[in-house]
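Kindly generate the complete structure, drawing on both the sequences and the hints.
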Amino acid sequence: MSDDFSGEEFEGVDDSSSQCRPLAVNDVRIGTVVAMRDRPSKVVETKISKPGKHGSAKMKITSIDLFNGKKYEAIYQTSRSIPQPDVIRADYQLTDIDDDGFCSLMGEDGIMREDLQIPADDFGDEVRAAFAEGKDLIVCTMKAMGIEAIMSMKEEK
Numbered sequence: 001m002s003d004d005f006s007g008e009e010f011e012g013v014d015d016s017s018s019q020c021r022p023l024a025v026n027d028v029r030i031g032t033v034v035a036m037r038d039r040p041s042k043v044v045e046t047k048i049s050k051p052g053k054h055g056s057a058k059m060k061i062t063s064i065d066l067f068n069g070k071k072y073e074a075i076y077q078t079s080r081s082i083p084q085p086d087v088i089r090a091d092y093q094l095t096d097i098d099d100d101g102f103c104s105l106m107g108e109d110g111i112m113r114e115d116l117q118i119p120a121d122d123f124g125d126e127v128r129a130a131f132a133e134g135k136d137l138i139v140c141t142m143k144a145m146g147i148e149a150i151m152s153m154k155e156e157k
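Numbering follows full-length UniProt numbering, with no gaps: position 8 of the sequence shown is 8.
Treat the hints with care, as some may be off.
Claimed, not checked - Label-pair restraints from in silico Cβ distances:
1. A57 to D96: 52 to 60 Å
2. P22 to K50: 19 to 27 Å
3. D99 to A57: 48 to 56 Å
4. R37 to D109: 41 to 49 Å
5. D91 to D38: 24 to 32 Å
6. K47 to P22: 31 to 39 Å
7. T78 to R128: 17 to 25 Å
8. K154 to K50: 22 to 30 Å
9. D100 to E126: 17 to 25 Å
Calculated from the structure, these hints are not laboratory results.
For every residue, glycine included, the Cβ atom is placed at its ideal position computed from N, Cα and C.
Here you go:
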């Protein structure tokens with residue numbers, strides 16, 4: 001049998017799973033960030049059931065999505081593992097907001113980026129209002145599993 005794959009096409013693989021590492025379900029605690037339904041979420045509750053006649057112990061995990069606030073629940077065997085995403089936080093100075101809500105952000109290294117949008121919610125309105133008042137703002141971004149968003153702001157001193 002030949003291993004000639006010429007002419008075959010393969011679909012691209014979603015790289016969000018490659019940004020995770022396995023975490024034993026037994027090690028999941030409140031506050032741990034895990035991937036549930038292919039979304040990064042923070043664990044808010046765990047419950048462990050005792051091992052029964054027909055299987056091992058199980059853990060019910062309840063978590064809240066980091067970016068959209070949705071609640072997820074799932075049950076895992078304690079002998080298995082769950083994906084734990086890498087979470088990267090960064091601070092940027094807000095230099096401008098355009099009409100579409102895209103921000104001009106300057107990192108500590110002086111490099112500008114213009115690929116993030118202000119959230120379209122009450123928090124976004126707060127950022128726009130503070131920027132319109134002429135305040136020097138630092139915004140904190142969070143990135144996990146290929147998703148990046150502005151999460152908080154503070155006034156620069």
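Taking the hints in turn, this is what the structure says about them:
{"no.": "1", "hint": "A57 to D96: 52 to 60 Å", "in the structure": "holds, 53 Å"}
{"no.": "2", "hint": "P22 to K50: 19 to 27 Å", "in the structure": "holds, 24 Å"}
{"no.": "3", "hint": "D99 to A57: 48 to 56 Å", "in the structure": "holds, 55 Å"}
{"no.": "4", "hint": "R37 to D109: 41 to 49 Å", "in the structure": "violated, 35 Å"}
{"no.": "5", "hint": "D91 to D38: 24 to 32 Å", "in the structure": "holds, 27 Å"}
{"no.": "6", "hint": "K47 to P22: 31 to 39 Å", "in the structure": "violated, 21 Å"}
{"no.": "7", "hint": "T78 to R128: 17 to 25 Å", "in the structure": "violated, 46 Å"}
{"no.": "8", "hint": "K154 to K50: 22 to 30 Å", "in the structure": "violated, 46 Å"}
{"no.": "9", "hint": "D100 to E126: 17 to 25 Å", "in the structure": "holds, 18 Å"}
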